[in-house]
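Chemist: Sequence order for the protein chains is P and U.
If you're matching positions, the first sequence starts at -17 in our numbering and goes up one per residue.
If you're matching positions, the second sequence starts at 181 in our numbering and goes up one per residue.
Derived from the structure by calculation, the hints contain no laboratory data.
You may find that some hints are simply not true.
Stated by the list, open to error - Okay, the calculated bits of chain U under chain P, using three or more residues with CB under 8 Å as the criterion: (1) 249 to 257; (2) 292 to 305; (3) 314 to 322; (4) 458 to 472.
What the hints assert, rightly or not - Once the Cα atoms are required to be at most 30 Å apart in a straight line, the calculated BS3-like pairs of lysine-lysine come out as: (5) Lys129/P - Lys48/P; (6) Lys326/P - Lys309/P; (7) Lys229/U - Lys303/P; (8) Lys309/P - Lys262/U; (9) Lys287/P - Lys326/P; (10) Lys326/P - Lys129/P.
Don't be surprised by glycine CBs; every beta carbon is placed ideally from N, CA and C.
Residue-level listing of the chains:
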Amino acid sequence: MFGRSRRLTPVVAALLALTAVLAGCSRVDRNTTAATGATDQGPATEVRLGYFPNMTHAPAIIGVDKGYYQAQLGSTTLTTQTFNSGTDEANALLGGSLDIGFIGSGPAINAFTKSEGKIQVISGAVSGGAELVVEPGISTPDQLKGKTIATPSLGNTQDVSLKKWLAGNKLTGQVNVANMDNPVTFNAFRTGSVDGGWLPEPWASQLVLDAGAKVLVDEKSLWPQGLFPTTVVVVRTQFLQQHPETVQAVLKGTIAAIDWASANRSAAEAAVNDGIQKLTHQTLSQAVLDRAFDEITLSADPDSKTFPQLAQDSVTAGVVKTAANLKGFLDLRPLNAVLSQQHKPTIDAAGLESQ
Amino acid sequence: MATADGNAGLDAGIDRAVGSGDNDRDLRTVGAGLDALDTPTTTPPTAGKRLLRGVLPPVVAVVLFLAVWQILWAEAFWPEYKLPAPLAVWDQFWSTVVDGSVFGIIWTSVHRAVLGFLAGLAIGTPLGLLVARVRVIRSAIGPLLSGLQSLPSVAWVPAAVLWFGTENATIYLVVLLGSVPSIANGLVAGVDQVQPILLRVGKALGAGRLATTRHILLPAALPGYLAGLKQGWAFSWRSLMAAELIATSPQLGLGLGAYLQQGSSFNDMPTVLSAIFLILFVGVGIDLVVFRPLERSVLRSRGLGTAG
């Protein structure tokens, strides 16, 4: 009798487990608006801001180093963190260790999709500023077969652009794509480990002017009117709901940085150079800074119309399997509130807002 | 009073030697009692029962684990990108099976681990012998070897990348630095635990240094050496994953570590989890298929194995 109950216990346990599994086949929906329960709690005690040490993140670098954020944030502490590329920053946003981030459009779409709408774009920052630069011997796409091209990271904005362009030129699988941190690409190009890169500014200009690379593709030529969002500002929706005042303060700081940089070009270049030097221990020459600044357009407009195409590009590049549904991707209300206060034209979300 | 059939001869012998009488009955009783102690009381389990006993508990444990996971997912305590459903992870794994990429991924990692481990074996064994037998070398590098064993191999990856770039040499260096200290230390421990009388017997029989090593020392140190090999394999596998996770490049191909890093780059939890499970299963699988039978046969030949 004792032996029989001992044999029966694991079988009973397995049966219980099976019934539990069958009962757990559908997922409870906790997304009811009542359940989110995020109400305005006033200004935050701390805001964690992420950005990259790139010219394409000039508003963030200038805003932090020149104190535009601190001026607007008052008693809120600003904690900054820098990343090489958007895939790491997206992980930090998803993991909840960042509140606001300057990020590329590709990882922004990815973060929105994975978080099921809990990370949204609230502003643009920089448009343009990415090119495919290669060694001088390459002049046609076909000559890239068998070569190695660098991008900042697997699945980031430039990586998606490169893979989409390769697919359009029927070169998928015939070109090696190497992922490396931007400051490292320069040496890799000079020693010949890579034959080029699809890089953001100022690294593309650095390769062109200091290492003799040539531009094979300027990404502006691939978009209507040459406008495509290289950098946008994203926020965790819960943070936006709990501390809208803090988010508006960051937006005000960003717009102030953009306005100042547009009006004081050489000082802006020097500020970005200082910022990059502090973060990467690399100083860039004046010629590189000038060229990089020429390539970018500073604007709070996130070029909303381009996002559906960018979502499709992520599929072409193999980052995601299906194109994301971008309803609710943008929330430009805080930005438009700030712009209206400053008597500037508001920005259209091209139908991607949640209402 | 049970008497095993095979001991009828013993009783007959006692009868002849002792004769009959009270003393003889006592002796026979004692003999019967000793026989009873030596007789196995249970029949050895059939192969079927052994299989069931070995397979059923882990299967039930896995099913319970999956059930708890499924319930946690169904209750939506965490968003989908933090805790996907078991089925999502399975789908991701199955898609790599369907397009055949899983075999390439596993082969890339396993062949690098095996080659690195074999190289570690070739270097660690003579090194361990030297450290164990030559006192000067032991005092010189013995502590260093122990220290290297506790140094996580992931610490070597940045140095290796700077030395060799993101090439295969980097991976092999990290795997070697993970496995050699373990194997050498295992051999040293095994040699240290050889009973000195065995060495004296060898010397008495006229064995020189080489013959002692070959015929007495190495066979006697085998259990400790095998333990070192098992640990060396575990460290090789772990170092390989660390190196593959950090050093990714087209030249290195797609191993399990790079597949895991890919999942992280795409912010895709099902890929990350399926990579983790694959790493776990391949590591455990090789341990079960290669090291467990080896260990069991060595222990059994020394009389140290468990019955049945």
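Chemist: If a hint holds in the structure, say so; if it does not, say that too.
Modeler: Evaluated hints:
1. 249 to 257: holds (count 6)
2. 292 to 305: Violated - the region 292 to 305 of chain U has 0 residues with a Cβ nearer than 8 Å to chain P, which falls short of three.
3. 314 to 322: violated (count 0)
4. 458 to 472: violated (count 0)
5. Lys129/P - Lys48/P: violated, 42 Å
6. Lys326/P - Lys309/P: Measuring from Cα to Cα gives roughly 26 Å; hence the hint holds.
7. Lys229/U - Lys303/P: violated, 47 Å
8. Lys309/P - Lys262/U: holds, 22 Å
9. Lys287/P - Lys326/P: holds, 20 Å
10. Lys326/P - Lys129/P: violated, 47 Å
Checked against the numbered hints above, the structure breaks hints 2, 3, 4, 5, 7 and 10 and satisfies the rest.
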